[in-house]
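Chains B and Y are the protein sequences, given in the same order. Here our numbering is used: the first residue of the first sequence is 1, the next is one more, and so on. Here our numbering is used: the first residue of the second sequence is 1, the next is one more, and so on.
Hints were generated in silico from the structure; no laboratory data involved. The structure displayed is predicted, hence computed values, not measured ones. No false leads were mixed into what you were given.
Only some residues are given here: those of chain Y computed to face chain B with a beta carbon under 7 Å:
no. : residue
1   : Gly54
2   : Val92
3   : Leu115
4   : Lys116
5   : Ala119
6   : Pro120
7   : Trp122
Glycine included, each C-beta is placed from N, C-alpha and C at the ideal position.
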Amino acid sequence: MDSSDLEKGLARANTALVTVLYFARLREALGRDAEELALPSEVRTAGALRDLLRTRGGAWETELAAAKPVRIAVNQSMASGNTPIGGGDEIAFFPPVTGG
Amino acid sequence: MNIRVQTEDFDVGAELAAMRGDRAIGAIACFVGLVRDVNDGSVVAELTLEHYPGMTEKALADIVAQSKERWDIMDVRVIHRVGRLHPTDQIVFVAVAGAHRGEAFAACEFIMDYLKTQAPFWKKEQTPGGERWVDARASDDAAAQRWHGREAS
Chain B
1 MDSSDLEKGL ARANTALVTV LYFARLREAL GRDAEELALP SEVRTAGALR
51 DLLRTRGGAW ETELAAAKPV RIAVNQSMAS GNTPIGGGDE IAFFPPVTGG
Chain Y
1 MNIRVQTEDF DVGAELAAMR GDRAIGAIAC FVGLVRDVND GSVVAELTLE
51 HYPGMTEKAL ADIVAQSKER WDIMDVRVIH RVGRLHPTDQ IVFVAVAGAH
101 RGEAFAACEF IMDYLKTQAP FWKKEQTPGG ERWVDARASD DAAAQRWHGR
151 EAS
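Put together the whole structure using the sequences plus the hints.
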């Protein structure tokens, strides 16, 4: 399947399901490590998803606030707020890394 | 190239010995990171390392691939431990083999600097004041940043 077939397939689907993961401090503050989410059609980037999650209020609003240093990965690669997302993607939110 | 994420400890001598097969190798540079008992003024009794399974291995492989593009090196080994660790425990191992020491030293430092800022690991410390997530350091970002736009030597 090439990318244009994939896009047609996604356009046919009424809902684009994505997997959202949370790690470390974010996982604890938000009280969950993973969820499946139906993406509203207007949410097309990782940054737009972050904005959407923030509207849940409470810890979501404070932890995902624009001023917080939240890192994003899309399909297990470091991403930015502008990175496009769509059905089937795995999007992860986490604090700056502290390994080594 | 050999990349491992594991809870078990590792034997530095055995790892280095395993890299010695190629007769063209003239140098192996190696770094071992240990758990300190004091961080940011607090006594650390225990450290828990969390990671993002799947992405971790991918990020480490990408960092090693970048080092092989920059320097003429022959073999790389990276081991990073996860789970519960204590002061004096080994956390991370990076070894680079090449024909000469220059590229081995440089690639080893590059891999560590990128690992600190790009690989999805997070440390949580147990201190007398309770548990706390370790904050990322600006000095680590600066260390990784200095490789940008710099040619391999």
